[in-house]
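Chemist: The primary structure of each chain is shown beneath.
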Amino acid sequence: MVKVPEVDIDQIKKIIDEDKDSRWPVTPLVERIQEEVGYIPPQCIPLIANAVGLFPSQVQAVISLHDQLYTEPRGKNVVRVCRGTACHVRGGKAILKAAKNRLGLEVGETSEDLEYTMETVSCMGLCALAPNMTVGQKIYGNMTLLKVDKVFRKNEGET
Amino acid sequence: MQPINITLDGRKVSGSPGMTVLELAREAGVDIPTLCDDQYLAPIGACRICIVENEQDGVMMASCVMPIAPDMVINTQSQRVLDHRKTIVKLMLSSHPDSCLVCNKGNCCKLRQIASDMGIGLIEYQRISQVSPIEDVNPFIERDLSKCILCAKCIRADQELVVVGAIDYFKRGFDAKPATFGDVPLEQSECTFCGTCVAMCPTGAIMDKGRSYHGTANYEVESTCAYCGCGCSISLGVKGNRVIAVTPGKNGDPNRGTLCVRGICASDVIHSADRLMQPIIRQEEDFTAVSWQDALAAAAEGLKQVKEKHGTDALAVISSSKCTNEENYLLQRFARGVLGTNNIDSSARLVNAVNRTALASTVGIAGANNDLGGLAQSDVIVVIGADPDASAPIVAYAIKRAVKYNGAKLILIDPRETGLSAFADIHIRPYHGTDSVLLGAMAKVIVDDGLVDGRSVSKKTNNYDALKASLGKYTPDSAATEAARMYAKATRGSVVWGTGLTQSAGGVDSVRSLINLAILTGQTSGLYALEKECNDRGAFGKSWEADVSSKQGLSALEVIGQIEKGSIKGLMVVGENPVLAFPDSNRVKKALLSLDFLVVQDMFLSETGQMADIVLASSSFAEKEGAYTNFEGRIGTLNAAIDPIGGSLPDWQIILKLAEAIGSPMPFDSLRQVSDEIKALAPTPKRPTKFDFYPITSITSPDDTSKEYPYKLLMLSDLYTLGNGAEIAYSYRLQKHASEAFIEIAGDDAEKLGASGGEQLNVTSPVGELVATVKVSNSVPSGTVYMPMALPSGSANILLDITLDEETKTPRVKTCNVSLKKVAVNG
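Chains H and Y, in that order, give the protein sequences. According to the numbering used here, the residues represented by the first sequence are 1 to 159, in order. According to the numbering used here, the residues represented by the second sequence are 160 to 986, in order.
In case anyone wonders, no lab produced these hints; they're calculated from the structure. Source: prediction; values computed, not measured. Even glycine gets a Cβ: it sits at the ideal position worked out from N, Cα and C. Where hints are given, some of them may not hold.
Derived, one-sided and incomplete: chain Y residues facing chain H with beta-carbon distance under 7 Å [what the hints assert, rightly or not]:
id	residue
1	K330
2	R331
3	F333
4	F340
5	V343
6	E346
7	G712
8	Y868
Just a few of them, taken from the derived set where beta-carbon distance is under 10 Å, the chain H residues facing chain Y [unchecked claim]:
id	residue
9	Q34
10	E36
11	G38
12	L47
13	A51
14	G53
15	S57
16	Q58
17	Q137
18	G141
19	L145
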């Protein structure tokens, strides 16, 4: 079970204050909160709703419409392994398994220390480098089983 | 504007710009099936059933959202259109369970009806069921989202009509569903169980929750809700001799498709197992059921004996706001003509007398002088001493709609935070009882800033100089100044006030100060006096105005005093339960016990009935004809939906029969004759040519708390328990939902008392005491505590005392001073 970290409500209030007067404020607002906090804490939904003159259920409706807006805590590093056709034929499945083993996470799960979230993507458009994996904003192409461990070690060394 | 001509199914028709194809088709008598369309909701084109084809370009479009354009050629019935419609319905059915046979909405389901109209039987598509657990923890609404077709009627009803915002779409694609914030069950959400979505839902996804499967109503009877002063139009769905469902009325006004939880629970009360089936007579300690003949003879004998022994003035009659206009009229004729006493009053005085006095002495009207449509169009609304969310839900809906969708400004004046706080532009929280000072200060701002409507004030009013002189003593603060300016500058300002104003000390003066403001600014067509019980305005109004005798009789509360003094010996109570409804329960009980003769007409054996010599079993509103007058002054008609239950009789018939038994029958055979006589006798209201300002000369200090009783207790309006508790006691669903007796208390006060939420407090007033559970709340000011009047068992009125206002003969049924003490817990 992921421990829900304490949310800095003041930080969120500040974001809301700054962005609430733009013309269609909900989507950009929740995007910015997700960018800065890592996810959209559900307790900030009533604040957003109040600031933009909507009901909390309506703000939730907007958030739930987009698959990439999250209301649950996410890891600092989102690991995405490609399951597209090109990556698949070049061993993407094994890369995914290796990554899952290395992190001890199933797809969709977040590690307890909020370091990693495990995901798959359908294609990154980098089929020439297949199989592919991304950690955060960094892309790793031509993955091998050996490289999986290396990538994570490197990542942990840096952070 | 130029009409637009289009061709519809080969016919030339014309409509006005802005009309949709669906609207024009309906006007032209062309039937297009719809599922997500509703007359009260903005169209969104969600269900696509109403698709039509434009012959020119072959485009298929949803007619409900397609505006007409010149020279369109529309086909509504071509093979292509019909095939598409069929596909859409089949797709809906392919994820809809086959449980029609055991679905309460089975025979009135719009989806099923449309499918059968189109001749759709078995579906050849692969079934993809939307698995969803049935949500039925709350006692009012059952949600089975496996039957949902995502037409969003419930969502739109919730957001556009009742403006609660409890639900919206959640997720998308196959996972999409209407959900509350956090996807919690309804009872944990903002939902108020108003039932508006139940009536609108075209399938069985949202259903009224009964005790068991009850099937579909055989027919519906239009009537008027008998709970609060809103007088909503309702449809009673009848099966056999049973009302199985209550839905918003087809006639529309005043509630226009909405309702509230108390309305939908009316069927519980009608069919409560506690109903009296026969008249009963006291024999020593117990009651025995008797025939009507015996009961009426005994009642007549009892009243006659009191009359012979003590004279006619020893008799008194108390009627109720639950009785129809006709019954109230009959009763007062009965009292004056048959019994020969002028001691006839209605419990409606507790609510209505202050408004009537204040309004008559200023603008010469009897109650609210505009309807809800006018309120919704206001651009500035002042709400003072009222929590319409609880006391008059449809008024709250109208205010919220005006604020949210029409950009109206809301000025809320209430010490407590209410459901309207979130909608308010200005929320002033005065100390309880200082309303008239605040309103005086606002008047001063208006005069000082030159915002007075000069022309109408100089031509149409009296007393302006006296008013001006009386304003010198006020010193407006910034909030009062801002509010006064906002109200004075409105093009269409409205004021809404409720029992927080009228039932407090100095209520008449507060209402007069408020009306002074309206006259000053020329906003006299937006006065909304809210009432509490269903026929407060009618019971105390029309039928009373048709005065048969001029001698002043005793008012309802004076009767209690006179019983104590021994000058009243015989009492007849109709449809009222003074033990719970009047202040100081214990004193009222004692007084009633000392009577020689007490006859009660009631649906139930109430607390008052238990002290009676005879209780005559009367019928519910669903079993009789008549009319209620709602707070707007609108007459709502009652139609008998079912035959009287058991051996009960409508109140008006009982009164007529009793008169006959006494030996002086009244000259009426039907209710029609009664209403005709009322019409003939009631004076036509005269519109006054001039309004009177009513200067408030004295300011009384409102803080009369003492060391012994340091807290001010205010009676709170609560949605589920409003009124004197009769409904809550006999509706199993409201009973199930009601929390225990609670008292709302500010955080710092709770700390002082060492009590935290959920603990028990002893609440003691000079006249009574009770135990209530603490609810710590940020919304109440410190020093003030709130509790609802009707408690799950009994009533908080045992804390109140009977101090009558000189002018209106009304008690303060809103406040008293109390002391609080934590209940010691053993072990």
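Chemist: It remains to establish, for every hint, whether it holds in the given structure.
Modeler: We went through each hint and held it up to the structure:
no. : hint : result
1   : K330 : 5 Å, holds
2   : R331 : 6 Å, holds
3   : F333 : 13 Å, violated
4   : F340 : 4 Å, holds
5   : V343 : 11 Å, violated
6   : E346 : 15 Å, violated
7   : G712 : 52 Å, violated
8   : Y868 : 38 Å, violated
9   : Q34  : 17 Å, violated
10  : E36  : 23 Å, violated
11  : G38  : 20 Å, violated
12  : L47  : 13 Å, violated
13  : A51  : 12 Å, violated
14  : G53  : 8 Å, holds
15  : S57  : 4 Å, holds
16  : Q58  : 5 Å, holds
17  : Q137 : 27 Å, violated
18  : G141 : 32 Å, violated
19  : L145 : 35 Å, violated
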